[in-house]
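Protein chains: 2
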Amino acid sequence: MVADKKAPIRVVQYGLGPIGIGAAKLVLEKARSGRLELVGAIDIDPAKVNKTVGEVVGASSDVVVSSDAEKVLAEVQPDLVIHTTSSFLPQVEEQLIQCIRAGASVISSTEELPYPFDRHPGIAKNLDTLSKKNGVAVIGTGVNPGYAMDVLALVATGICTDVRSVTVTRRVDAGLRRLPLQRKVGAGITVDEFNERHERGGFGHIGLVESLRLVMHGLGWPIEKMSESLRPVVAESEVRTPYLTVPPGRVAGIKHTAKAYMDGHIVVSLDLMMYVGASDPVDHVVVEGDPPIDLAVQGGIFGDTATVGALVNAIPQVINALPGLRIATDLPVPRCFLPRISYRTRS
Amino acid sequence: MVADKKAPIRVVQYGLGPIGIGAAKLVLEKARSGRLELVGAIDIDPAKVNKTVGEVVGASSDVVVSSDAEKVLAEVQPDLVIHTTSSFLPQVEEQLIQCIRAGASVISSTEELPYPFDRHPGIAKNLDTLSKKNGVAVIGTGVNPGYAMDVLALVATGICTDVRSVTVTRRVDAGLRRLPLQRKVGAGITVDEFNERHERGGFGHIGLVESLRLVMHGLGWPIEKMSESLRPVVAESEVRTPYLTVPPGRVAGIKHTAKAYMDGHIVVSLDLMMYVGASDPVDHVVVEGDPPIDLAVQGGIFGDTATVGALVNAIPQVINALPGLRIATDLPVPRCFLPRISYRTRS
Chain A
2 MVADKKAPIR
12 VVQYGLGPIG
22 IGAAKLVLEK
32 ARSGRLELVG
42 AIDIDPAKVN
52 KTVGEVVGAS
62 SDVVVSSDAE
72 KVLAEVQPDL
82 VIHTTSSFLP
92 QVEEQLIQCI
102 RAGASVISST
112 EELPYPFDRH
122 PGIAKNLDTL
132 SKKNGVAVIG
142 TGVNPGYAMD
152 VLALVATGIC
162 TDVRSVTVTR
172 RVDAGLRRLP
182 LQRKVGAGIT
192 VDEFNERHER
202 GGFGHIGLVE
212 SLRLVMHGLG
222 WPIEKMSESL
232 RPVVAESEVR
242 TPYLTVPPGR
252 VAGIKHTAKA
262 YMDGHIVVSL
272 DLMMYVGASD
282 PVDHVVVEGD
292 PPIDLAVQGG
302 IFGDTATVGA
312 LVNAIPQVIN
322 ALPGLRIATD
332 LPVPRCFLPR
342 ISYRTRS
Chain B
2 MVADKKAPIR
12 VVQYGLGPIG
22 IGAAKLVLEK
32 ARSGRLELVG
42 AIDIDPAKVN
52 KTVGEVVGAS
62 SDVVVSSDAE
72 KVLAEVQPDL
82 VIHTTSSFLP
92 QVEEQLIQCI
102 RAGASVISST
112 EELPYPFDRH
122 PGIAKNLDTL
132 SKKNGVAVIG
142 TGVNPGYAMD
152 VLALVATGIC
162 TDVRSVTVTR
172 RVDAGLRRLP
182 LQRKVGAGIT
192 VDEFNERHER
202 GGFGHIGLVE
212 SLRLVMHGLG
222 WPIEKMSESL
232 RPVVAESEVR
242 TPYLTVPPGR
252 VAGIKHTAKA
262 YMDGHIVVSL
272 DLMMYVGASD
282 PVDHVVVEGD
292 PPIDLAVQGG
302 IFGDTATVGA
312 LVNAIPQVIN
322 ALPGLRIATD
332 LPVPRCFLPR
342 ISYRTRS
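Here the protein sequences line up with chains A and B, keeping their order.
With the first sequence counted from 1, adding 1 to any position gets you this note's numbering.
With the second sequence counted from 1, adding 1 to any position gets you this note's numbering.
No lab work stands behind these hints, which were simulated from the structure alone.
Remember, it's a predicted structure, so these values are computed and weren't measured experimentally.
Mixed in with the good hints, there may be bad ones.
Just so you know, same-sequence chains aren't split out, so a pair can sit in one copy or run between any two.
[As the list claims (entries may be wrong)] Straight-line alpha carbon distances no greater than 25 Å define the calculated SDA-like cross-link-like pairs of lysine to any residue that follow: (1) Lys126 to Pro333; (2) Lys133 to Pro317; (3) Lys7 to Met263; (4) Lys134 to Arg241; (5) Lys126 to Asn321; (6) Lys7 to Thr330; (7) Lys126 to Thr168; (8) Lys134 to Leu323; (9) Lys133 to Leu323; (10) Lys7 to Gly325; (11) Lys7 to Pro223; (12) Lys7 to Gly221; (13) Lys185 to Arg201; (14) Lys256 to Pro292; (15) Lys7 to Glu225; (16) Lys72 to Pro9.
For reference, chain A alone in the conformation it holds in the complex:
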């Protein structure tokens, strides 16, 4: 094979939490192909600033972590930023604008970004306009939202002549995930605390409604009505995770459901269960249609790794995308981005 002569894609990692660290490590690994290069890293955590990425993520890299995003972006002029700082679009709008203004495309894990047009139409419009003006593409993705409960559901309909409804179930053993996710699903708190925090808002899984909207959009179906519910899953017996212990009667996690209606029918139904001790994790898509489709990922899709995968796999697709704010249905068939290194360097 002739070596790829194209210049490597210059990547900045913006945010070095658990997902950002995973993404940076993966970019460094794939950079051995010559197709990618990690050229900058941004984080505000004083424990990380001024250290090398190598030190922070446990890999080989002399890139120094900086808290000054503006400066990093101006200095290194990346082609693309992997952005992993917050779930909520209003909180990251300025960060995304920084990247876009610096001429970088953005792949973000912000859970409100995979389908932002309804919840944040103003921000969406602004990001779209700015991206087009700067000739870059911006997308929000991850395993969920971005794949397990939306893209996979759409793909399941890809050979149907008709679809009457789509039902997606994702059951995750939160006990195998990182601590922030266990906290996010309320593992260990009382049902009263759960209900109280739920009423205050901002609790539970962010992005389920974004997945719902993405599926409806992908099928070309207008949402006439939508319903959403979030309930605690209560531990029946003690559950221990590497990070915490949930006594029986306490909250093990969430059951988060979102449904979309058309002509009075429930046409898309998403059911997300994330709790510690879930014994039978699965991602399951049932399409009532012609032909009917019953698609399951047995054992489920392991979320932390998969979100890192989704972000990094989007790199070549976003680099080649039309400028603007993009969503999953704008991009080609998702697949692993495997610049040619795996077997060469494997023993």
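Fit chain B to the known structure of chain A by using the hints.
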């Protein structure tokens, strides 16, 4: 909702065998949305020529079937042709060129077209050049090749950080499929006849190697070596289908395997079993990677309907594609094309 004001996509159906009839019927059904219009139909079968499509496919349409492709294409100037005449690219090259020269994009069920660059590089180059010159897109698709053993396998890797191998198994109960397919897999013949016909070539499933190449291409992996085998599946007891009876000891169908190697490893393995009496049909993708993925479509994907679905679902994607000879990995996330009619007209 505001009605879609765009002009409908003008479609010609080229070929009215079982798949073409299904496609024409589906186009007519979706045409009720105003997004599509069936404007012509081509077939050489004297039993169909000069009849209306309505008569031939059992639906409402006054479009008259013609055997003169050139004339139909010149008269109706379609935006797009659904082409379903033959499995082999050299046999359809001239038909595709007719369509392209008439300024129509093409979605074809020709099994050698989903990845034609290696088997027919000259034809592929020619079609690509002509398509670009005429500003149209051409693609080969269907359920297999085009989805079950290639696109679905790629999608399964979409959230992986690394992939070491992909194994796809498709087990089809050919007894539930149309007669030509049962004949194609050799149902009812003796093992000797099977081996004889296999040696003469052109026997078995067309397109498995195309799927293999598509998966390898999608993962960015060069094929260093490829192996292919076709063996009969022998009936252990009598199998009856609506069309034929297979006595024990006769051929029930095929087991067709294709493998691609990289650095001495089998990295993609496709295993297609199509035989009458298969009791546990399934489409199964196993990704050895991070995270590992075990994805199954329980009961399998029913092929005849699914091929029709794949062809028609590609319509909006091909209309919006960049001109040229396209493959599945160039197109967006596959999903059902559902112009807004289903519930309105359903009781």
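Evaluated hints:
{"no.": "1", "hint": "Lys126 to Pro333", "in the structure": "both (23 Å within a copy, 22 Å between copies)"}
{"no.": "2", "hint": "Lys133 to Pro317", "in the structure": "both (18 Å within a copy, 23 Å between copies)"}
{"no.": "3", "hint": "Lys7 to Met263", "in the structure": "between (48 Å within a copy, 23 Å between copies)"}
{"no.": "4", "hint": "Lys134 to Arg241", "in the structure": "neither (51 Å within a copy, 64 Å between copies)"}
{"no.": "5", "hint": "Lys126 to Asn321", "in the structure": "both (21 Å within a copy, 22 Å between copies)"}
{"no.": "6", "hint": "Lys7 to Thr330", "in the structure": "between (27 Å within a copy, 20 Å between copies)"}
{"no.": "7", "hint": "Lys126 to Thr168", "in the structure": "neither (30 Å within a copy, 42 Å between copies)"}
{"no.": "8", "hint": "Lys134 to Leu323", "in the structure": "both (12 Å within a copy, 22 Å between copies)"}
{"no.": "9", "hint": "Lys133 to Leu323", "in the structure": "both (8 Å within a copy, 19 Å between copies)"}
{"no.": "10", "hint": "Lys7 to Gly325", "in the structure": "both (24 Å within a copy, 23 Å between copies)"}
{"no.": "11", "hint": "Lys7 to Pro223", "in the structure": "between (42 Å within a copy, 18 Å between copies)"}
{"no.": "12", "hint": "Lys7 to Gly221", "in the structure": "between (38 Å within a copy, 15 Å between copies)"}
{"no.": "13", "hint": "Lys185 to Arg201", "in the structure": "within (14 Å within a copy, 63 Å between copies)"}
{"no.": "14", "hint": "Lys256 to Pro292", "in the structure": "between (29 Å within a copy, 24 Å between copies)"}
{"no.": "15", "hint": "Lys7 to Glu225", "in the structure": "between (47 Å within a copy, 23 Å between copies)"}
{"no.": "16", "hint": "Lys72 to Pro9", "in the structure": "within (22 Å within a copy, 50 Å between copies)"}
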